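Peer 1: Given next are the chains, with one letter for each unit.
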Amino acid sequence: MSGSIDRRSFLKILGWGGVGTALSGCDLPSTVTLEEGKEEVVSYLMPEEYVIPGVGVWYASTCTQCNAGCGAHGRVREGRVLKLEGNPESSINNGNLCMMGQAGVQGHYNPDRIRSPMMREAGKLVPVTWEKAMAAVNAKVSAAKGDQVAWFTGSLSGHQATLVANHLDALGSKNHYVHETINNAVWQSVCKDTLGEANPRLRIDKAQMVLSFGADFLGTWVSPVHFSGEYAKFRKQKRRGVLVQIEPKMSLTGANADLWLPSVPGSEGVIALGIANILVKSYSKDISQFPSGVQDLVKKYDAATVTKITGIDEKRLKRIAELLSQRSPSLVLAGAPVEGHANGYNAVAAVMLLNQLLGNIGRTIESAGEFPFEQMQGVAGGTGDLFKFIQAAKNNQLAVAFFHGANPKYAAPAAMGYDSALNNVPFKVAIAQFLDETTAAADVVLPLSSFLEDWGTHVAAYQPVQTVIGIQQPLMEKLYADTRGLGDILVELLKAVNEREYSGFADYYAYLRQAHAAMPSQAKGSGTDEQTWNTALQKGVINITPGAKQIASSAVNFEDPAAEGDAGASTLYLAPSARLGLWDGRHANLPWLQEAPDQISKLVWDSWAEIHPSTAAKLGIKQGSIVNVKSEHGAVKVKAILLKSIHPNVIAIPLGQGHETYGRYAKDRGVNPLKILNPTKEEKTGELAMYATRVSVANTNQSEVVVKMGSSDTQAGRRLVVTMPVEQYQRSEGT
Amino acid sequence: MSLDNLLGNWSQYRKAHEDGGFHDYEHRWGMAIDLDICTGCNACSTACYAENNLAVVGKERFEKGQAMHWLRVERYWDQSELDHPEQGASFLPMMCQQCDAATCEPVCPVAATYHTPDGLNAQVYNRCIGSRYCSNNCPFRVRYFNFYSYYESSWPEPLNMQLNPDITVRDKGVMEKCTFCVQRLRSAKDKAKMENRKVEDGDVTTACAQACPTNAIVFGDWQDENSQVAKLWKKHQVTRAVTKQKKDNPEKRGYRIFEELNVDPSTMYLERVREKI
Chain A
1 MSGSIDRRSF LKILGWGGVG TALSGCDLPS TVTLEEGKEE VVSYLMPEEY VIPGVGVWYA
61 STCTQCNAGC GAHGRVREGR VLKLEGNPES SINNGNLCMM GQAGVQGHYN PDRIRSPMMR
121 EAGKLVPVTW EKAMAAVNAK VSAAKGDQVA WFTGSLSGHQ ATLVANHLDA LGSKNHYVHE
181 TINNAVWQSV CKDTLGEANP RLRIDKAQMV LSFGADFLGT WVSPVHFSGE YAKFRKQKRR
241 GVLVQIEPKM SLTGANADLW LPSVPGSEGV IALGIANILV KSYSKDISQF PSGVQDLVKK
301 YDAATVTKIT GIDEKRLKRI AELLSQRSPS LVLAGAPVEG HANGYNAVAA VMLLNQLLGN
361 IGRTIESAGE FPFEQMQGVA GGTGDLFKFI QAAKNNQLAV AFFHGANPKY AAPAAMGYDS
421 ALNNVPFKVA IAQFLDETTA AADVVLPLSS FLEDWGTHVA AYQPVQTVIG IQQPLMEKLY
481 ADTRGLGDIL VELLKAVNER EYSGFADYYA YLRQAHAAMP SQAKGSGTDE QTWNTALQKG
541 VINITPGAKQ IASSAVNFED PAAEGDAGAS TLYLAPSARL GLWDGRHANL PWLQEAPDQI
601 SKLVWDSWAE IHPSTAAKLG IKQGSIVNVK SEHGAVKVKA ILLKSIHPNV IAIPLGQGHE
661 TYGRYAKDRG VNPLKILNPT KEEKTGELAM YATRVSVANT NQSEVVVKMG SSDTQAGRRL
721 VVTMPVEQYQ RSEGT
Chain B
1 MSLDNLLGNW SQYRKAHEDG GFHDYEHRWG MAIDLDICTG CNACSTACYA ENNLAVVGKE
61 RFEKGQAMHW LRVERYWDQS ELDHPEQGAS FLPMMCQQCD AATCEPVCPV AATYHTPDGL
121 NAQVYNRCIG SRYCSNNCPF RVRYFNFYSY YESSWPEPLN MQLNPDITVR DKGVMEKCTF
181 CVQRLRSAKD KAKMENRKVE DGDVTTACAQ ACPTNAIVFG DWQDENSQVA KLWKKHQVTR
241 AVTKQKKDNP EKRGYRIFEE LNVDPSTMYL ERVREKI
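Chains as they are written, first to last, in the numbering used here: chain A, 1 to 735; chain B, 1 to 277.
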């Protein structure tokens, strides 16, 4: 592959067949209308190469708005990408796409993108050339000792992860810190210990019953679009699947449950043990193969004890156990509210015990098999690396840090001391599309192309059907000539530290082509490199059937999952709840997602604190009251929203807002609950215990108008959403 | 007409169904939305913003009820007597129901809203004078008025490059609403015509239906009895031109919202199901 061919020529050579041919190589937009009166008006009689005016064509790529790795189709017309849809070829999302994926185009066309490299001079970031920026970066990297260089990224996979690993390898560093605020790291750890693999397939579609402790699989958990598809099948089984959700604050999944029960954060493990107790006692589930410590725990938490601790009615517990024993196979899941405590691992392990007792392993929890290309699988993040990074910085172990795809300055609780630790990292490089908090604090900013302008390969950590290598290809020319793709930057960085091996690659595309050429043919299919590459681009996915593997089920020991004592009357548990939409805050600069009402509260463009009306009454709080939510480590002022979809001892502040910078749509809007969290660690995994913070809530006697969709919260007797009892449904549509 | 006369002869005046503008429909685009698998996730609504050049109005104008969400997902709480909504929320994707006997149509002083031979309730933007009578008369509240010109505030450059060139950006003083993605229907019809065939089921779908992660929204030609949407209507014993469905089996889930108002909506909903535990 030579870099001397210009882009348009090689696109032509590739002949990206199927629905259309190649991308336009035009200046944008090439066919402007007379009304707009700008640029030259191109005659329709002389179309640009490959551009048929008025005809949209679709190209396959991969969505990177979260880490699920959904396949995307982009509609390209007159050289512009206009709309994203799901790629039907992808077994992850089967042609569908969530709201965040839909809004991908708004990140690409965002008015607040960084358009040129910047360097800090006299305390301010000023525009510089790429040459100057890269020279500075390379000088600092070569001046540093190898192990003083670090990468701090979001979850990475595919060849981007490979190149980051290779960059660190070439330097002799192991410092890759991977951060995701919304993750399932503790669940993965429990799966690894009990089932032998971190991401087994979860077959919601095969389950007769799903009992979920705070796992918001329809909204923010692991692979929401895939799980939504499975959920539809789960509901449409001959016997309609039944969903029970137990969690502190109603999630989108909870809003779809047949039974939703509120729980105090940290009590879920005890509830799971209580159900296990009933299953053993009344439904003769066999617990003999489990360690005696586990058996003792199950014995300890009989229904009456659990009711006393958790406030969940004994009858309810018994009914759930009865249903679980009847509706087999079932699936029991645990999400962030269960994981987010000092002993979150134990609570998740107690949930996994239910799956083992109920015989779900191998039935609704299947092995994902052996993926042959381990390097491609990359690294899935959690919050544990945030502690490690801060510690390394505090110890003056880091000289150069690269940041990409993560915003630790925004995500780190104030008490973790991120800001002061960062002062000990003398040279910080941010590779970013936007000036978020982390990027604004960098010494060098390298402007990133959007995911619709860049190449890449993606292998999601969770693979539901087979292993999908998602192909990301540019859907249009770069909007700003001075931005570069992550891969291109990595290749250039690698050339500086390992010239011998990387000088042959003109750019990331050349690297990817070679990588593809080197891929074993049984994985990419038969044909010439050109043919298999074109097929991969057309389909947007390379499907790999992973090697068959039997799922293990080991009876592991775990400790008492009960959280430390009652919060007491004056304090509430803080739930920093995740929203499908703004996610961990990364999408707060996308106006469609700001204007899309929160699924549960229906508020827009804002932060709020959800609180139960009975608690609000005790504290003298009304709808719209500004309350001061104070933890040991800080306070936020935010308006209260009265909702019954929350435990009375919990106050929930959604994630996503409270940006100090990050563009016009995100800046100075709402509050960031992450800032006031206690820096408690989950003891076994080292993750941040996100649900372990208690707060006091006081009314400030100020109030604000609540801006939300819909004036009525009830149907007021109208037949808008009609609900049918399942018995009728079974008669008319089931069996 | 005296009141006595009106009341005494009500059944003569109140026909089962208003005569629509057409009797030889080319297509009758219709929809079926399964509320049991709709999760309320907002994918449809955001897809609609992307497809139809919907303006983002911002917090202050949203508060005044000026949001332009052609397709909104409503959320209701049904168990107000309980301490907690134990059966979750009730979500309702609500958009123009493309009523056959649309109440918005006859009140338009300039016939900017009219019925098409495709069974759509169309809005002619450049005929609209902004009286807002139609919006006032719509029982579903799915018509949205451009109180301002949003071009600059909603699409600062280069966000405007995302705009769908197949349809317009509406300006101040104009009413707008869901069109069942008429631009997609148009191009599907053109394509079929060029290939000298009829539009087949599956040739075209709306942006909302395409995005839906659970495939809860089904769109198609209700007149084509082989279409999925027509089959669903039939299966659930819902038909047009009635103010009350006569079902052999009242346990079938299909219903139309506000059909008792004699508006004859083109969207059928399927009841949400809950198991009592």
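Since the hints were derived computationally from the structure, they do not count as laboratory data.
Treat the numbers as computed from the prediction; the structure is a model and nothing was measured.
Just so you know, even glycine gets a beta-carbon here, dropped at the ideal spot from N, CA and C.
One or more of the hints may lead you astray.
Computed cross-link-like contacts, EDC-like style, restricted to lysine to aspartate or glutamate with a CA-CA straight-line distance of at most 16 Å [claimed, not checked]:
id	chain 1	residue 1	chain 2	residue 2
1	A	K644	B	D118
2	A	K708	B	E157
3	A	K315	B	E86
4	A	K236	B	D224
5	A	K478	B	E157
6	B	K59	A	E733
7	A	K644	B	E86
8	B	K252	A	E704
9	A	K238	B	E275
10	B	K59	A	E727
11	B	K64	A	E727
12	A	K708	B	E275
13	A	K602	B	E275
14	A	K602	B	E157
15	B	K276	A	E727
16	B	K247	A	E704
In silico contact screen, one side only, chain B against chain A (beta carbon under 7 Å); selected entries [what the hints assert, rightly or not]:
id	residue
17	Y49
18	A89
19	T103
20	E105
21	P106
22	V110
23	Y125
24	N126
25	D201
26	Q210
27	T214
28	R272
Peer 1: Is the interface hint satisfied for B/E105? The criterion is a beta-carbon contact with chain A at less than 7 Å.
Peer 2: With Cβ-Cβ at 23 Å, over 7 Å, it is violated.
Peer 1: Holds or violated: B/Y49 as interface residue toward chain A, Cβ cutoff 7 Å?
Peer 2: holds (5 Å)
Peer 1: Under 7 Å, Cβ to Cβ, is where B/Y125 needs to be relative to chain A, so tell me if that hint holds or is violated.
Peer 2: Not OK, violated: B/Y125 not within 7 Å of chain A, min 15 Å.
Peer 1: Less than 7 Å between beta-carbons is the criterion; does B/N126 satisfy it with respect to chain A?
Peer 2: Violated. Min distance 14 Å.
Peer 1: Tell me if the straight-line CA distance from B/K276 to A/E727 falls inside 16 Å.
Peer 2: The given pair, whose Cα atoms are some 9 Å apart, holds under the 16 Å limit.
Peer 1: Could you grab the alpha-carbon distance between A/K708 and B/E275 and see if it respects the 16 Å cut-off?
Peer 2: violated (30 Å)
Peer 1: Hint check: A/K644 vs B/D118, CA-CA at most 16 Å. Holds or violated?
Peer 2: violated (44 Å)
Peer 1: Quick check on the hint: B/R272 CB to chain A CB, less than 7 Å?
Peer 2: holds (5 Å)
Peer 1: Identify whether the interface hint at B/V110 stands, where standing means a beta carbon of chain A within less than 7 Å of its own.
Peer 2: It is violated, given that the least Cβ distance between B/V110 and chain A is near 24 Å, above 7 Å.
Peer 1: Run the distance test for A/K602 versus B/E275: straight-line Cα separation, threshold 16 Å.
Peer 2: violated (25 Å)
Peer 1: Going by Cβ atoms only, is B/D201 closer than 7 Å to chain A?
Peer 2: Status violated, d = 16 Å.
Peer 1: Tell me if the straight-line CA distance from A/K708 to B/E157 falls inside 16 Å.
Peer 2: violated (28 Å)
Violation of the numbered hints given earlier is confined to hints 1, 2, 4, 6, 8, 10, 11, 12, 13, 14, 16, 19, 20, 21, 22, 23, 24, 25; the remaining hints are satisfied by the structure.
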